[in-house]
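If you want the building blocks of each chain, they are given just below.
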Amino acid sequence: MKLQETFSEALLNPHTPAPTGIACYNGDIDRRFAVYRNNVQSGLINALATSYPVVAQLVGEAFFQAMAQIFIQKHPPDSPVMSAYGSQFAGFINAFAPARSVPYLADVARLERLCVQAFHAADVCAVNPGLLAQALNSPEGLPHLHLQLHPGVASLHSPYAIASLWAAHQRQGQIQGLDTRQPQSVLVIRNELRVEVFTVSSGCAVFVHLLKAGNALGLAAAHALEADPDFNLGQALALLISNNTITGLQPALEASP
Amino acid sequence: MHSPLASLIAPRAPRLPPRAGLGLKAEHFVDVLASRPDIGFFEVHAENFMVAGGPFHHYLGLIREHYPLSIHGVGLSIGGESPLNTEHLRRLSLLLERYQPQMFSEHLAWSSHGPLFLNDLLPLRYDTATLHRVCAHMDQAQDVLKRQILLENPATYIEFDEAQFDEAGFIQEVISRTGCGLLLDVNNVYVSCINHARDPVVYLDALPLQAVGEVHLAGFAEEADSLGQRLLIDNHGAPVDQAVWALYQQVLDRIGPMATLIERDNHLPPLTELLQEARLADRYLFSAQVQP
Chain H
7 MKLQETFSEA LLNPHTPAPT GIACYNGDID RRFAVYRNNV QSGLINALAT SYPVVAQLVG
67 EAFFQAMAQI FIQKHPPDSP VMSAYGSQFA GFINAFAPAR SVPYLADVAR LERLCVQAFH
127 AADVCAVNPG LLAQALNSPE GLPHLHLQLH PGVASLHSPY AIASLWAAHQ RQGQIQGLDT
187 RQPQSVLVIR NELRVEVFTV SSGCAVFVHL LKAGNALGLA AAHALEADPD FNLGQALALL
247 ISNNTITGLQ PALEASP
Chain B
665 MHSPLASLIA PRAPRLPPRA GLGLKAEHFV DVLASRPDIG FFEVHAENFM VAGGPFHHYL
725 GLIREHYPLS IHGVGLSIGG ESPLNTEHLR RLSLLLERYQ PQMFSEHLAW SSHGPLFLND
785 LLPLRYDTAT LHRVCAHMDQ AQDVLKRQIL LENPATYIEF DEAQFDEAGF IQEVISRTGC
845 GLLLDVNNVY VSCINHARDP VVYLDALPLQ AVGEVHLAGF AEEADSLGQR LLIDNHGAPV
905 DQAVWALYQQ VLDRIGPMAT LIERDNHLPP LTELLQEARL ADRYLFSAQV QP
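Chains as they are written, first to last, in my numbering: chain H, 7 to 263; chain B, 665 to 956.
Don't read these hints as lab results, they were simulated from the structure.
No residue lacks a Cβ here, since even glycine has one placed at the ideal position from N, Cα and C.
Zero decoy hints are in this set.
Simulated restraints on C-beta separations: (1) T56/H / E761/B: 24 to 34 Å; (2) H152/H / A885/B: 54 to 64 Å; (3) R187/H / G901/B: 39 to 49 Å; (4) Q79/H / E691/B: 27 to 37 Å; (5) G901/B / H81/H: 21 to 31 Å; (6) V808/B / S93/H: 24 to 34 Å; (7) P109/H / E691/B: 31 to 41 Å; (8) R862/B / A72/H: 31 to 41 Å.
Stretch-level coverage of chain B by chain H, calculated; a stretch enters the list once three of its residues show a Cβ under 8 Å from a Cβ in chain H: (9) 706-714; (10) 783-792; (11) 890-900.
When you get a sec, could you build the whole thing from the sequences and use the hints?
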């Protein structure tokens, strides 16, 4: 019962010879086994290139393929659901010495992973606007209010201009004159069927991160202000509301009846 | 030794219409909905829709309202030495429940080993141990999914020294023991027979053609091995080859009109180009219908 184990090892390691026990009418076993090896390698490289198109463009095809090949050996898939494959890619890039000259590459990969997650996230409707307005207009209840966010919402802070780098590789982008050493925070959302990436203040990123972790609005806003004195709660809420990302409300229980 | 459940369900199982269908790709979702092409059915890869929500489910839900659907699994690893992934079976079950496809099919191949998923359809050694394993996995999958599964004949590049069955004989055994059906991939028949220096028509005649529930047609890439012999790669990246159309005619001569999928997964052309290929398959199907 060892056949598939040796077969698997030989598929993932290009320097391992073809397994014994395989046959071919004309004896040209290595060339034919190489078809499987190539299918596995190119299939997984394509899966990564599909999830990380900006990373692939930033380093070029040859570098991306070589990097992906090493990643695949270290982290082969553990599920047949390929949209989930490559969640360790950003961490891998971060430790991948040949990519050190592109210091923002790992954070761009993190952003692209968030975009894939947002794209496939569950469909949840925005909360009734009337209920939301009522909750937000109650000053005494506001700090204890819990806002549930759409499962596709995520924020990320980077010491590099990842939002600009990402945008430069979309249709509307411009890469000339881009200062990559400009720290940026991003908010990723899925509004209806579209994934959108917004550049936001670092305070807003902290705020969203804490809301997502289940903290009350008061606590999330206080930490956001601490991290970023320019944090504007009204603006952050307006951005979340206008993109249909608030999907539920949980007012804290009243202390007394 | 039919699985009792499969034989109970099989006669009432909904069928795909005996027409040409197309693989449905995300790049064509909007086009399909806008133009509503006259096509027999669409087919999707199950694993692409194992996501929580978003555009994939949105568009497939809308398209399903207007077309028969076939769901084609590429990740169950029916021939795997490891037990079937029950989590994956559960995901498949949910997907079939949600979209109620007319057909569900998988491959006579393996793709997982333990936790490792290799994302390719890998070849099996056709011996008694493999036969028992494949049949046990088919019984399990048909019981969990509560339906007959069509099993697709593979495209292969190598064989095994200690095989005890030829491929057609092996498929015959699996079908008679589990009550599953056959997804006859005519391109795979051609690719494998060329790669192993066999006569495709002889192979075809050795298959249990009465069990065919769907046909696949696709294109291959032509290479040469280090001895200069033809080596065909089943890459789904080109139009259907003339030799495969000719073999398809042989299939229709034997089984009559049958739901036929045009598969294209790589080098995806515009929808209109694929529709033209589907029209060609429809012409073959129409001729097969009018023959006595």
